[in-house]
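Engineer: Protein chains in written order, with numbering that gives the first Met the number 0: chain P, 0 to 144; chain R, 0 to 307; chain V, 0 to 554; chain X, 0 to 221.
Read the hints as simulated data drawn from the structure, not as lab findings.
Don't take each hint at face value.
Once the Cα atoms are required to be at most 25 Å apart in a straight line, the calculated DMTMM-like pairs of lysine to aspartate or glutamate come out as [unchecked claim]:
1) P/K85 - X/E4
2) X/K186 - R/D82
3) X/K81 - V/D483
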Amino acid sequence: MTENKNGFSPKIAAFCCFHSAYQAADMAGATRHAYADGIYIIRVPCAGKVEGLHILQAFEKGADGVLVLACPEESCHFISGNIRAKKRVNHILQVLEEIGLEPERLKIFNLASNQALRFLQVVNGMAQRIKDLGPSPIKAGNSGR
Amino acid sequence: MKSGSKLEKILESGQFAITGECGPPQGADRSVIERKAQHLKGNVDAVNVTDNQTSIVRMSSIATCAILQQMGLEGTMQMVTRDRNRIAIQSDIFGAYALGIRNILCLSGDHQSFGNHPTSKNVFDLDSIQLIQTVKQMRDDGKVLGGDEIKGVPKMFIGAAANPFADPFEFRVVRLAKKVAAGADFIQTQCIYNLEKFERWMEMVRDRGLHEKVYILAGVTPLKSVGMAKYMKEKVAGMDVPDEVIDRLRGAPKGKAAEEGISICVEAIQRLRQIKGVHGIHLMAIEWEEMVPVIVQKAGLLPRPTPQ
Amino acid sequence: MAEDIKLGVYLCDCGGTLSKEIDFPEIQSRLEKIPDIKHIGLAHSLCSTGDLERTGSEIGEKGINRVVIGACSPRLYEARFMGAMEKSGLNPHLLSLANIREQCAWVHPHRSKATQKAVKQLEMAVKNARFLEPIEGEAVSVNRDVLIIGGGISGMEAALALSELDHKVTLLEREKVLGGRLRDLHSLYPLEVTPEALLTKKIEVLNKRANIEVMTQAELLKVEGQLGNFKVQIRAGHSQITRSFGALVVATGCDTRFAKEKYGLELSDEIITPLQLERMLKSSEDWPKIPQKIGFLLDISDEFSRISTISAFRNGLAAKRRFGSEVYIFCKNLKLDTHGMERIYREVRNRGVIFFKFGEKKPEISRANGQINVQLEDLYLGKERVNLSFDLLVVDEQVIPQKGFENLASLLHIALDPRSFYQPANVHLYPVASNRKGIFLAGSCRADLDFPDTVADGRAAAEAVHQLLFPGEIWVDVRKVMVDADKCVLCLTCIRSCPHRAIEVDPVKKAAKVVDVACQGCGICAGECPAKAIQLNGFTDQEIGVQLEFLKEAV
Amino acid sequence: MIVGERKSLEEIRKMINGYKKVLVAGCGTCVTVCFAGGEKEVATIASALRLAAQKGGDAVEISEATIQRQCDIEFIQELKEKVEQADAVLSMGCGAGVQTIAETFGGKPVLPALNTRFIGRTEEQGIWSERCAACGDCILHLTGGICPIARCSKSILNGPCGGSKDGKCEIKSEVDCAWQLIYDRLKSLGQLDLLEKIIPVKDWSASRDGGPRKQVREDMKL
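This is chain P alone, in the form it adopts within the complex:
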């Protein structure tokens, strides 16, 4: 589906807030809407739980892109988790810039639990952008740890 002629199918870690995006993803499934199989959903109780470090680690482990999907602005299940997440993502975007990774590889979106179509737009859009960008320049498993 998202494979291009070189057979590149992007691997995308999608940190999904259990109270919004995770449900939207379930709904996308329930309505049998397909999306790229490289999208891997990581359940978090709140986008505010996603640490900048975890985003970097996702890239270290070979992610071509990372999504943080939070509750809609002003309607966070935990009041301020989505705002914290946005600020952290912005901070990590600066670090990515310092590293020399394209900022397009990291995105945060707000979506409500019933927005299955928005979920699909977001993940498919991301998959397409990453496909255009090509594989991450970081070689997975090459980590110095």
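Mind docking chains R, V and X on chain P? Use the hints.
Structural biologist: Using the frame of chain P, we list chains R, V and X on its own:
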């Protein structure tokens, strides 16, 4: 007589004094000073020489004052505490006195972030009030700050600055009093455009009787254009340019704004002369020295006295 | 962990439907290669009682101590699975779930790809299961007494309802008397009862209840503690007291304000606010001048206010009845979204009240000869300007938060919405809950509500409080959030950033301490901690790390 | 506390260039509180360095360790094993921490990952500001508890200078004029008379100008 400078003599005799200003060049070319001095000679009683004003590197104030002295003008050496510690300051005062300089204006100086070396380290070992104290101690006690006797005491006429337009307004006169208590003989103020506010300030000065303890020279600067007025209002710290002044310049016929600026300045001088406790004018015609004779003439302040 | 890990994996093909999309035998053969897996079971409907019971007894028989389930979304049956585990004697938190239906079978049309991803997810779930640690539950006893802040109608209703539900209630009122804004109203039309009679009756009942204590001229000084045990300092009159409460209800109401800047005019004898009109209608004294024509302006101070709208209807009708006045209402968009408003609207029209509707251009108001002129372009009448003069013009008011709202919000650490009203946890689903467990909101302190809604809100808050406190204890997960006291540097970041105010300083350990009863498990604290001293059980660095492993091995 | 700020990744990468194994060492005291060098920042910068190295095709091995305090040798000893295995140590402590590690492990290059900036306080979450210049001769009792040396751009002792406008400093409109703050505070304390007196020339010998400082408590020495 504390120093015997011409400025001191004129003020002492109760005559209305005029001091001018000369900004040294950003280089070693003495002809710039000579050209500026031509406009000032005979029109002002002493000439302030700025000390790396707005933290832009220029010819030193001491050297420039010495050149002016050679040309028969009296210099007032400005000295800021930004660039020198107490050792360098006292050493420079010795040198300046030996070169014939008799007036000093004690300042803390603009912060280096304004100038062409924003990455430099500042000193501020002393502040302006402590500098006044230092010069006074050197003159009156014949001792350097550290306590050692001076051989060949520099007898300076000590000046200080005051800005009636900075905040907190009600503290400004207290700070003036501190400068007087520290040993200031004369005060030069920030450029005055808001005369009402200045009058209120002078009232507070008189209430404390400070006008009897120190000579106050009111600062004036002619405005060349609307642009300059707006720049002074918005960009220069501690400057109060009322909108009426800008409107008046704006209302001048095309090409006549400068003329209007001169008129505003002359009117201000005339009004300042009427204020009790104002002993003179400090005329800062910034990069417009050629207008000094005109302004002084129009203000009816010529000829200048020649004290013995 | 000293004990050996014995994994049990249970797969569910959802009544056989998933077999088309996922190759279950393939999954099984892949999983069989993993050591520690003692059992792999395939069920057709794991959510059914039969399958659940079977699974539960198997867990017990085989001594399985970690459970991995590959089935539908955890949003559906996670709790059910956990229940079955608990029944079998296993800690329910030793469960790791892979969502192979919604995230694999249903979204990846290629069977092989869906199968591969399901395998991957299950492998991760297995890895994850090894790190799982039991979370113990604990019953925390709670004080059943309730403090209600604000003695308006909403607070009084809450007090009465709670008293009936056998809670001891303390009702705090800032003023000398109870009643709040209701005291200013002259009628609750279409209700028969007058505000005065209603208040008298309510206060009478309140005073009779032995388990309600009313404190007037009282204010909140300090609030410490958490749900079940709030320690509250109150100043009542001249005395200062400290009490404990299990829950708090904020019912401080709202205030109104004439938006002078939007009108561009001053109030006068002829231009008055709805509240002034209420007071005038309430007084039995003769009016200085009978208003022959009254105009009501709406939607200028505040475009969202129901309160001004209902008051214009009610008082327009009252003026008609009392003085036979001609009544005009100028509005932009009528909002009739409260109980019975449609009916009153029809009545108002039938009684001959005339409506004008303006658009973006506001009506122009001027004075001449003791009269107030209103000029406007009515959207339906076209370009021709309407020009009317009035004896009395009633302007609308903006609904604003009650005085002192900032202070109360900071005392209670409750969140404010963009209009500075107290922010409900969920506007639609749980409007009387605040961001903090055990602190509830009732009435117009959270939104501009009309009388019936305010009353209902008070009762709803009382019900919510009762539901929480009535057993006298609350079952909480202990150590869901774990603080490593050795690592904690007490930078206070977690305490400042916890939206639920669930973290305190442990004065003995000199470290942050999570108050389990108040914690809602969002993990923001763990996300923030610069010392990595906080981990959220189920979402530890290790567990997140395992999930990220899938990225390493290409799908 | 001491407030520090991480250097740019580029600068850090230049410093560690040529070393094959680098230990990133965090400090669990001041710099943890200001989010510059605690365990999480250590992990973050380590991850970023690995990513940058991988992207650039360099082979560098990054290890991590965070100790309680880098300015005490007992804690630094905990790093011994990891330091020995590394070619260089990248310290995320303040200047004192960097130097203590360097003094402890003579043969190992120690590199600063932070710029140590000032002694300050948390104004609010995420904002820190300077409060003390460690001049060694405190005069806060004369200035209403507001330090003119640390907070006045010119460190003047008899302010405010002529650049004070609307409570702000002439150098930047977001900088408060320390002397306006002092004036307001003394006014509210009813101690404006303190400002009538001239604060004399300061003895800077107690500050860093007097040379490197050292403090000894004889009774506490073992």
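Engineer: Between the alpha carbons of P/K85 and X/E4, is the straight-line distance 25 Å or under?
Structural biologist: Roughly 21 Å between the alpha carbons, so the hint for P/K85 and X/E4 holds.
Engineer: Given the hint that X/K186 pairs with R/D82, test it: the Cα-Cα distance must not exceed 25 Å.
Structural biologist: Between X/K186 and R/D82 the Cα gap is close to 33 Å, so the pair fails against 25 Å, i.e. violated.
Engineer: Below or equal to 25 Å on CA atoms is what counts here, so check X/K81 against V/D483.
Structural biologist: 23 Å, holds
Checked against the numbered hints given earlier, this structure breaks only hint 2.
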